[in-house]
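**Student:** One-letter residues, chain by chain:
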Amino acid sequence: LAGVNCLAYDEAIIAQQDRITNSNPLVSERQELSVLMREYSEDKVYQLKIKDLYKKYMHIRKTRPDGNCFYRAFGFAHLESLLEDSKELQKFKAVAAKSKQDLVDGGFTEFTIEDFHNTFMDLIEVCEKQQSLQDLWNSFNDQNVSDYVVVYLRLLTSGYLQRKHGFFQHFIEGVRSVKEFCQQEVEPMSRESDHIHIIALAEALDVAILVEYMDRGEGGTVNHHIFPEGGDPRIFLLYRPGHYDILYK
Amino acid sequence: MERKYNLKSPAVKRLMKEAAELRESTEHYHAQPLEDNLFEWHFSVRGPPDSDFDGGVYHGRIVLPPEYPMKPPSIILLTPNGRFEVGKKICLSISGHHPETWQPSWSIRTALLAIIGFMPTKGEGAIGSLDYTPEERRALAKKSQDFCCEACGCSMRSVLLTVSPNSSRSPEVQKAQELAQQISFKAEANVSRQASEDNPPALAVMDLPEPVAVLPESAAPESEPVTLPPESEPSAAPLGRPLSPRQRRQQQHSRQAQREPSRAAFTGPRQAPDSHTGSAVLIVLLTLALATLIFRRIYLAQDYRLDLDL
Chain F
14 LAGVNCLAYD EAIIAQQDRI TNSNPLVSER QELSVLMREY SEDKVYQLKI
64 KDLYKKYMHI RKTRPDGNCF YRAFGFAHLE SLLEDSKELQ KFKAVAAKSK
114 QDLVDGGFTE FTIEDFHNTF MDLIEVCEKQ QSLQDLWNSF NDQNVSDYVV
164 VYLRLLTSGY LQRKHGFFQH FIEGVRSVKE FCQQEVEPMS RESDHIHIIA
214 LAEALDVAIL VEYMDRGEGG TVNHHIFPEG GDPRIFLLYR PGHYDILYK
Chain V
489 MERKYNLKSP AVKRLMKEAA ELRESTEHYH AQPLEDNLFE WHFSVRGPPD
539 SDFDGGVYHG RIVLPPEYPM KPPSIILLTP NGRFEVGKKI CLSISGHHPE
589 TWQPSWSIRT ALLAIIGFMP TKGEGAIGSL DYTPEERRAL AKKSQDFCCE
639 ACGCSMRSVL LTVSPNSSRS PEVQKAQELA QQISFKAEAN VSRQASEDNP
689 PALAVMDLPE PVAVLPESAA PESEPVTLPP ESEPSAAPLG RPLSPRQRRQ
739 QQHSRQAQRE PSRAAFTGPR QAPDSHTGSA VLIVLLTLAL ATLIFRRIYL
789 AQDYRLDLDL
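Respectively, the protein sequence lines represent chains F and V.
Okay, so the first sequence: first residue is 14 according to this note's numbering, each after it adds one.
Okay, so the second sequence: first residue is 489 according to this note's numbering, each after it adds one.
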């Protein structure tokens, strides 16, 4: 009967994978913040903190927990915010257009990064011409497009860290160079992001990011941090250990 | 080739570009896709100077996954070299303490440089690695020049540009050494399992790589059935377009593999839901039949005892 068990096991694995994929779109619809309350209905510590979040935020948009969530959340939230701000969008488009040359100057091979860059620019153009949230959402839920955007944001992060390696070297744990760190922790897909990644990407694209940190620590309030310090944040992310989602006021 | 592939597919777009970039041979490497399959390339690399592989030119296949460049290519050497097992799929992705180091901004050129850089490193008993003696490696290096590949028509004597006097200081050789410190090769066993646990590929443009018989001594019959990606069927079937003879042959291949209780049929849970249900039903039926027989036996035994009681 080992065969039967084995089959049942395989099917359970498949079902589990399908559940993760189906129940977590790459980027979800905008939801009431109360979904969080339901998620933690048994958890006193988190309930207090969610109440604190309510003071500032109304909605949340979740991202799939696949290790790329910071880049996806950042990319979507920023482009979404630009849909209604054509002046900022033009400014961002110029920064993004120039960014490929900076990478090439930093030693990246042009033909291997240009598909990622083009996908990113195409998406900005979609925001500019159609100004449609639905189109943007569809693109971010198309695995090919979405992953290419993630790759490009990872490249920008890596490029910036390497350009400013003298500064960032002090923040890298272990005995490795900034370049090694980038090749191990930034450029490969599914590697999670930490402060250093967020600072680099925020500065590389000149976009301030506010992150609300929600964990099991004491105090009953969420703490936030703005990257880079003193910036005027346009996008708001919620961090729970190991994962980033998008918040809306 | 342009007509055959979906140019909107990111992998096709990228591979076309790489084919153009690598059209010209260099001193150190050459690689081009097979005429009828953009997802299988043949390459030749020069053994690094100042090593036991000096003077050797080695030939092999590169198999690109449909998700390329999001997933790494696999490499199969066809020339005996004393460092990598011939005919075994090696995958450049995992380094000792930092898994998944493949980066989508790398390319086939990166993979070629990694092979060159990796040749002089120690095999240390890893699967797919060989630790031949320097003498054996030097003998193989000499012999490697005689190799001609029937599939791509490359002769190792003429496929690469001739070496310039100070090639050991060329930036490419240095880049190769640098890469070798950063990545390592992994034999395919675990990799293929990992791949089959993922979702079936979304792109259906690929024509699957087939084992290419090159020289009788260099082909590796046992390892080939496993290297056929088991996802082939789900990706080919929903297309709803007529299958090429090659694809049909491929399907037959994989159906055969499913019928036989071979390891190929059990490498991944995804590949054959139909045959799983089929065998599940069969097992249930057999179990029921067995149960019936056992119950009958018990019944008969009891009957007998009852008889005695009376």
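No lab work stands behind these hints, which were simulated from the structure alone.
Source: prediction; values computed, not measured.
Don't be surprised by glycine CBs; every beta carbon is placed ideally from N, CA and C.
Don't take every hint at face value.
DMTMM-like cross-link-like pairs, simulated, lysine to aspartate or glutamate; straight-line CA separation at most 25 Å [unchecked claim]:
id	chain 1	residue 1	chain 2	residue 2
1	F	K192	V	E660
2	V	K496	F	E231
3	F	K111	V	E509
4	V	K501	F	E138
5	F	K192	V	E666
6	V	K501	F	D155
7	V	K492	F	D118
8	V	K505	F	E138
9	V	K505	F	D118
10	V	K501	F	D118
11	V	K496	F	D148
12	V	K505	F	E123
13	V	K631	V	E509
14	V	K496	F	E141
15	V	K501	F	D148
16	F	K69	F	E231
17	V	K505	F	D115
18	F	K68	F	D79
19	V	K663	F	E127
20	V	K496	F	D118
21	V	K501	F	E123
22	V	K501	F	D128
Estimated spans, in silico, between C-beta atoms of each pair [as the list claims (entries may be wrong)]:
id	chain 1	residue 1	chain 2	residue 2	range
23	F	H178	V	Y620	39 to 45 Å
24	V	A768	F	H238	51 to 57 Å
25	V	S658	F	H178	23 to 29 Å
26	F	A25	V	K501	16 to 22 Å
27	F	S54	V	A777	45 to 51 Å
28	V	A768	F	Q143	33 to 39 Å
29	F	H238	V	S658	45 to 51 Å
30	F	H178	V	L495	34 to 40 Å
31	F	N154	V	I771	54 to 60 Å
32	V	E623	F	A28	33 to 39 Å
**Student:** Take the hints in turn and mark each one as holding or not.
**Tutor:** Results of checking the hints against the structure:
no.	hint	verdict
1	K192(F) - E660(V)	holds, 18 Å
2	K496(V) - E231(F)	violated, 51 Å
3	K111(F) - E509(V)	holds, 24 Å
4	K501(V) - E138(F)	holds, 20 Å
5	K192(F) - E666(V)	holds, 12 Å
6	K501(V) - D155(F)	holds, 17 Å
7	K492(V) - D118(F)	violated, 36 Å
8	K505(V) - E138(F)	holds, 24 Å
9	K505(V) - D118(F)	holds, 20 Å
10	K501(V) - D118(F)	holds, 24 Å
11	K496(V) - D148(F)	holds, 18 Å
12	K505(V) - E123(F)	holds, 11 Å
13	K631(V) - E509(V)	violated, 30 Å
14	K496(V) - E141(F)	holds, 22 Å
15	K501(V) - D148(F)	holds, 23 Å
16	K69(F) - E231(F)	holds, 20 Å
17	K505(V) - D115(F)	holds, 21 Å
18	K68(F) - D79(F)	violated, 29 Å
19	K663(V) - E127(F)	holds, 21 Å
20	K496(V) - D118(F)	violated, 28 Å
21	K501(V) - E123(F)	holds, 14 Å
22	K501(V) - D128(F)	holds, 8 Å
23	H178(F) - Y620(V): 39 to 45 Å	holds, 40 Å
24	A768(V) - H238(F): 51 to 57 Å	holds, 53 Å
25	S658(V) - H178(F): 23 to 29 Å	holds, 26 Å
26	A25(F) - K501(V): 16 to 22 Å	violated, 37 Å
27	S54(F) - A777(V): 45 to 51 Å	holds, 50 Å
28	A768(V) - Q143(F): 33 to 39 Å	violated, 49 Å
29	H238(F) - S658(V): 45 to 51 Å	holds, 47 Å
30	H178(F) - L495(V): 34 to 40 Å	holds, 38 Å
31	N154(F) - I771(V): 54 to 60 Å	violated, 40 Å
32	E623(V) - A28(F): 33 to 39 Å	violated, 56 Å
In this structure, the hints that do not hold are numbers 2, 7, 13, 18, 20, 26, 28, 31, 32, in rising order.
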